[in-house]
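Chain by chain, the residues:
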Amino acid sequence: MREITLSKAVNEALAEEMRRDETVFIIGEDVAEAGTPFKVLSGLVEEFGTQRVIDTPIAEPGFMGLAVGAAMTGARPVVDLMFGDFLFLIMDQLCNQAAKIHYMSGGKLNVPLVVRTNLGATRRSAAQHSQSLHALVAHIPGLKVALPSSAYEAKGLLKTAIRDNNPVVIFEDKLMYNDKAPVPEEEYLIPFGEAAVLRDGTDITLIGTSSMVQVCQKAAEILAAEGISAEVIDPRTIVPLDEAALLKSARKTSRVIVVDEGHQSFGITGEIAGRINEKAFYHLDAPVLRMGAMDVPVPFSPALEDITVPTPEAVAANARKLMSGEMIDAA
Amino acid sequence: MREITLSKAVNEALAEEMRRDETVFIIGEDVAEAGTPFKVLSGLVEEFGTQRVIDTPIAEPGFMGLAVGAAMTGARPVVDLMFGDFLFLIMDQLCNQAAKIHYMSGGKLNVPLVVRTNLGATRRSAAQHSQSLHALVAHIPGLKVALPSSAYEAKGLLKTAIRDNNPVVIFEDKLMYNDKAPVPEEEYLIPFGEAAVLRDGTDITLIGTSSMVQVCQKAAEILAAEGISAEVIDPRTIVPLDEAALLKSARKTSRVIVVDEGHQSFGITGEIAGRINEKAFYHLDAPVLRMGAMDVPVPFSPALEDITVPTPEAVAANARKLMSGEMIDAA
Amino acid sequence: MADSKTNTEAYLRMYRQMVRIRTFEDNANQLYLSAKMPGLTHMYSGEEAVAVGICEALTDNDRITSTHRGHGHCVAKGAEFQQMFCELLGKEEGYCRGKGGSMHIADQSHGNLGANAIVGGSMGIATGAALRAKMQGADDVTVCFFGDGATAQGLLYEVMNMAALWKLPVIYACENNGYSEYTKTDEIAAGKITARAEAFGIEAFEVDGQDVLAVNDLATKLVARARKGEGPFFVELKTYRYHGHHVGDINREYYRSKEEEQDWKANRDPIIRFRSWLVEQGVASEDEIEAMNAEVKADAAAAVDYAIAAKYPEAHEVDMHVFTDIEHVLA
Amino acid sequence: MADSKTNTEAYLRMYRQMVRIRTFEDNANQLYLSAKMPGLTHMYSGEEAVAVGICEALTDNDRITSTHRGHGHCVAKGAEFQQMFCELLGKEEGYCRGKGGSMHIADQSHGNLGANAIVGGSMGIATGAALRAKMQGADDVTVCFFGDGATAQGLLYEVMNMAALWKLPVIYACENNGYSEYTKTDEIAAGKITARAEAFGIEAFEVDGQDVLAVNDLATKLVARARKGEGPFFVELKTYRYHGHHVGDINREYYRSKEEEQDWKANRDPIIRFRSWLVEQGVASEDEIEAMNAEVKADAAAAVDYAIAAKYPEAHEVDMHVFTDIEHVLA
Ligand SMILES: Cc1ncc(C[n+]2csc(CCOP(=O)(O)OP(=O)(O)O)c2C)c(N)n1
Ligand SMILES: Cc1ncc(C[n+]2csc(CCOP(=O)(O)OP(=O)(O)O)c2C)c(N)n1
Ligand SMILES: [Mg+2]
Ligand SMILES: [Mg+2]
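Chains as they are written, first to last, in the working numbering: chain A, 1 to 331; chain B, 1 to 331; chain C, 1 to 331; chain D, 1 to 331.
Result set (SDA-like, lysine to any residue): computed pairs, CA atoms no more than 20 angstroms apart in a straight line: (1) Lys192/D x Gly201/C; (2) Lys184/D x Thr50/A; (3) Lys192/D x Trp166/C; (4) Lys167/D x Glu187/C; (5) Lys192/C x Phe205/D.
Note that these hints are calculated values from the structure, not bench results.
Bound conformation, chain A alone (with noise of 0.2 angstroms):
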C-alpha cells in the first residue's frame, strides 16, 4: 500500500468530504494560500475557493462562534485552531454553546461541525503552544473527542468525524505531521468508539493515546525482546469509548498501563484506569498504572521539557513493575 503523511491525509480527507458535501468548509486563520503554518491545507484553497477556505482575523471566539451559527443552519464547517493550547480562548462557543445547543433544544437544533486542532509537546514551544487538552473538552457532555495515532487513523477519523451530525474535536500530534502509514487510495472511513488492536499480546496490555501509541508500541518491542507479551490497544476516540475492547484486553491480560501525553492528573488516564478498575477488578493482578504528562506547565528548556512526557523506556520500566509485582508493595 502506498504511504502518505499525517499532513497530506489530513489534507486528503478534507479535500474528499469538501468534493462530496458541498456544505463542508474550512475556517481559520491562515488556512488559505498559507495553508497553516504547519502546511497541511496546502492547495486547498486552490480548488475550492476562498468562499470554502476562509481565513479569519485572529478572533478564535469569533470565529467559532460562525462556524456553530453555520452548522446550525445547514452547513458543516471544519474549524482550524492552529494550537490545541487556543482551545482555552474558544471553551464558551464549544463547551456552553455547540456542546449543549441539540440537548437544550430538546434535539430539534444539529451543530455538526469539527474542530481540528493538535496536541503535544517536545517542539521547544513552551507552556502556551505545547499542551495536549483533549481531557477538557471529553469532560463536556455533547462532545465527540477523537484522537488519532497515524495517518491512517487521521484520515479515516477526520472523514468519519465531517459527516457526524454533532461537534467533534479532533486533535493531531503536531510531532506526527510528518510520519508516513500506509493508506489505502479508496474511500475509509474509521468510525467512532472502536478501538483498534495494534498489537496483541498476553501480558500486559498497554493503552496508548495519539502521541503515545508509538510510544507504546516501542515499549512493546522494548518488552518483547525480554520476552514480556504487550498488547497494545489505541482507542481512537475517547468519546465516545470503547470501554468492552478495552476492559477485554485488561481481563485477559490483567495488567494495564494508561499512556497519555495530557497531564496526568484529573485527565485522560484516570478516567480510563476508573472504568477498569472498576469492571475489570477481579480479573486484575495488580493497579492499573497510570503515565501521563507530568503536571507543570510545559518547560521551554529542552533539558526540561524532555522529561516531562512519557517514554517507551518509561513505560517498558513500569511494565516491568507491574510484572514482578513490585506495585504490590507499594499499593
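Position chains B, C and D with the ligands relative to chain A; hints supplied.
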C-alpha cells in the same frame, strides 16, 4: 458556637482579609451596591468603597485579565465570577496566563489571585448556569482548587486562598448559601491539602466533595441505621489533594465510593479512584466506585434535572452493593 | 409602498404581537409568583416594540438569535403560547421538550435559533447564520438581539469585524434598556455604542425603541438592504424594561427609582402609544382593540392551563439528545 | 525642554538601543540557522524605533507587556544580552531559568511583565497593572504592546472599555507592521484601527513607527499625561518587519513581494534614518557611530558565546516554580 450561613461566612472572610491587607480587592459584575445576585457581598462596598469593590462591565475575560495584571504587580484580587459556567469565558486568562506565569518566568513573577465562583445543579437554571466545572481547572498545573462544603470551610478556605501567593479557584455550592453551620468568632484558617474526616467509620469510605459532602453524610446515616459503618471524608482542596488521608481511610475500610457533582467522565472521581486503586490496590475488597453527575448537559425540567445528580439514597444503594459483594460479579 | 389594506393588517398584527408579549409576560410573572414555574425568568415587558418592529420586517426564512430576556423575540418571531408555556414549566410538549426552559427557548420552525443564557453568547451564532446564508447564495437575513450590557463582551467586536470584512447579511440589534442587571449602562459603557460599530465600517443607527413604527420602518429598510448584500448593520434601540432584572428582583430602588419606572410606563409605553395611534388613524376602534386584548388574554390563560396540566418528560429522556445519533448515551 | 546635553545622551542611548535590538536579532537568527537554538523565534528587526522610542519615555517603575515578537521590547526596556541569549537557548541563567524561552521572556527588574505567546494575551495584564498603579496612588504608566493582528481579539475592546471608564494610566501601542502572520492587515481588519479606540472615548494617535524621534516625542507627551490621570491612550505605529513571521518563514513571496521588503529596508530603515540625522545634527560622528556599532556587536558575540557554553537547568528544576510555596510539586 454561633451558627452563620455560608453566605455570611464568605462575606466575613472577605471583610477580614480586606481589613488586614489593603492590597486585597474584589472585582466582578454587580459586586458593589448589588452585592452580587446571591447577595453574598452585601455591605462590603459600604465599608471598603468602590475603589476596592469594583463593579465591572459584563466582560469576564477582560476583568480576569485585569486581575492577573494587578496580581503580578502587587495586589491580591478576588475575582467574583457570577456563575461557574462562565469559567469557559476566562479559561485563557486563567489557564494560559495566571496558571503558568510563575513557572514560565522561572519563579520571578507571582500571581496571587483568587477566583471565587460556584457550582451545583438542581436550581432549575438549565445547562449554562448549573455546571460544576472544577475538574477543568484541577487539570491545569499551577492552579489550586478549593471546594468548601460548609460555612465553616468556606470561610477558612477563602481566607487561606486570599493569602496564598498562587492563583486559587474556589467553588461555592450555590444551593448552600443559606445553609448555616457553626463558625467560630475568632479568626481561623484552613490549610490547603488537608482532608477532613467528618465521620468515622469502619466498613466503607465515602469521599465527597462540595455539595456531595452532605449527600455522603446523609447516606452514612441511612447506612448506620442498617448497621453499616461509613467513614465520610471531605478532601476540601483537590489541588493540592490530601492523598495520604484518602489512602489511610481506604486501607482501613477496604471499600470506597467517590462522590462529586461534576460530570462523572474525565472528572474528579476518576482521578481520586485512580489514585486509590493504584496505591491501595491490595487493601481493597472491591473496586472503588465513582458517582458523578450524569454525563449530560443539565436539563431544565425538574423531572429530569433531579435525576442527574447523586442522591443519598443512590450512594447508600451502591454502598450496600459493595458490602454485599455484588460488584464482584460485575467486575 | 404597501397598500393601505396591507398596512392595516401589518399594523394590527404588530399591535396584537405586542399585546401577546405583554400578556405572555404577565402570565409568566404570575406563574413565578404563585411558585408554579421552576427557576427564574427575565421579563420583556416594556420592550415589545423592539422585537415586534424588527420581526415584522422578517420572513420565516430569516433568522434571529435571542437572549436571556427572550420571550419577546420568541413570540414576535411567530411562536405559540402553548409550547412556550410548556417549555417554561419544563414540560414535554415545550419547544425544547422541557430541556431548555425560559433561557434556551428555540423555535426553529420560525427561524428563532434560540435564547442564550450567556450574555453575548449568540453573537457568533447569528453572524455564522449570516455567513451560511451568504455561502448558499440565499438572501436570508439574520438579526442578532442583545442588550446594552452585552456590548461589553469582546466577542461582539470579533464578529463585527468579520461581518464587515465579508459583508454578511446580519443586523446587530442592541436593545439599550439602560441597565445591565443592577447597573446603569453609562457606568459600564465608555464612549458611544454606535461608534463602536462604525469603527469597523458598519453603518449604525439609533432609534426610539418604544415606537414600533419607527423601529419597523428602519428594520424594513435595513433588511432590504442586507438582502442586497449591503450589510451588516447595527441598530441601537432605546427602550426600558418594566420589571426587575428577573422576576425575583423586587427591591430595586438602590439602582433605579420608582419615579423613573413610572415615567416610562405612563409616558412611553409602546403599546399605549401605538394603540392611541391606531385609534386616531382609524385603523381600529377602541372596541376592536379591547376585543383583541381580551382574545389574547383568553389564549394565554388557556395555554397556561394547558401547560400546568401537561406532563413532564419521562425520566428516560434525560440521556436522550446529547448526541444526534446515540439514542440513550448512558445506556 | 531638556537641555542639549541630556538630549545628546538620550539620542545616543536611543540609537544604541536600536542597534542593540538589530544586533540581538541578527545573532538570534544565526543561532536558529545554525541549529543552535531550540524552537522558533520572531524577529523584531525593522521595528526598532517603536520599542525604543516608547521605552525611552519610561522609567524602570513603568511597566510594559510584550508579545511573541518581544526581543525588541525586552532590550529597549533595559534587559541584558547575556540573560536574554541564555533564555533563548533554554539555559539556567536565562531570565526565566530557561523555562520561558523567546516567547515568554520577562524581566521584572526593568518592569517588563513578559512576552506572551497568546496573541492579545497580555492586554488584560497591562490594563490590570495600570489599575494597580492607580489603586496605589502611584503615577506609574503601563504600555501594552501588540500587533495589528491582535486588534482582532475581543479582549482588547473589553479592557479598553474598562480603561476608559476608570481612566487608567495605560497606553495601548499597536505595532502595525502590515501583516498578521501570512496575511495583509487590510484583509483582516475592517474600518480604521484608531477609530476603534476612539469609539470608547480613548484619544488615539497615528505615528510613523520608523521615526524614533517622532515616536519618542509622542510617547513622552502621552506618558506625562497618563501620569496625571489623563489616560488611557491608543497609538498606532506604522512599521514593518524585515524577516518572515518567524525565523522559519523563508519563502514568503506568496504573501508579500521582495520589492516591498527591499523598499522598506532601503528607504525607511529606522536605524539608517536616525544615524544620518545624528551625523547631520552633529550629535555624533560617523566614527563614533561605527565604534558604537562595533562595541554592540562584540557585546552580543560575547553574550552568545557565554550562552552557548552555559549550563542547562538541572532535571530536578522541572517541577519547581509550579507554585510559589511548594518546592517540588511532584515530590
Ligand atoms: C457571560 C455572562 N455574564 C454574566 C451573566 C449574568 N447576567 C445575566 S443578564 C445580565 C445583564 C445583561 O444586560 P443586558 O445585556 O443589558 O441585557 P438586559 O438584561 O438589560 O436585557 C447579566 C450580567 C450572564 N448570564 N452571562
Ligand atoms: C490566540 C492566538 N492565535 C493565533 C496565534 C498564532 N500567531 C502567532 S503570531 C500571529 C500573528 C500576529 O500578528 P500581529 O498581532 O500583527 O503581530 P506581528 O506578528 O505582526 O508582530 C499569529 C496568528 C497565537 N499565537 N495566539
Ligand atoms: Mg440592558
Ligand atoms: Mg502585524
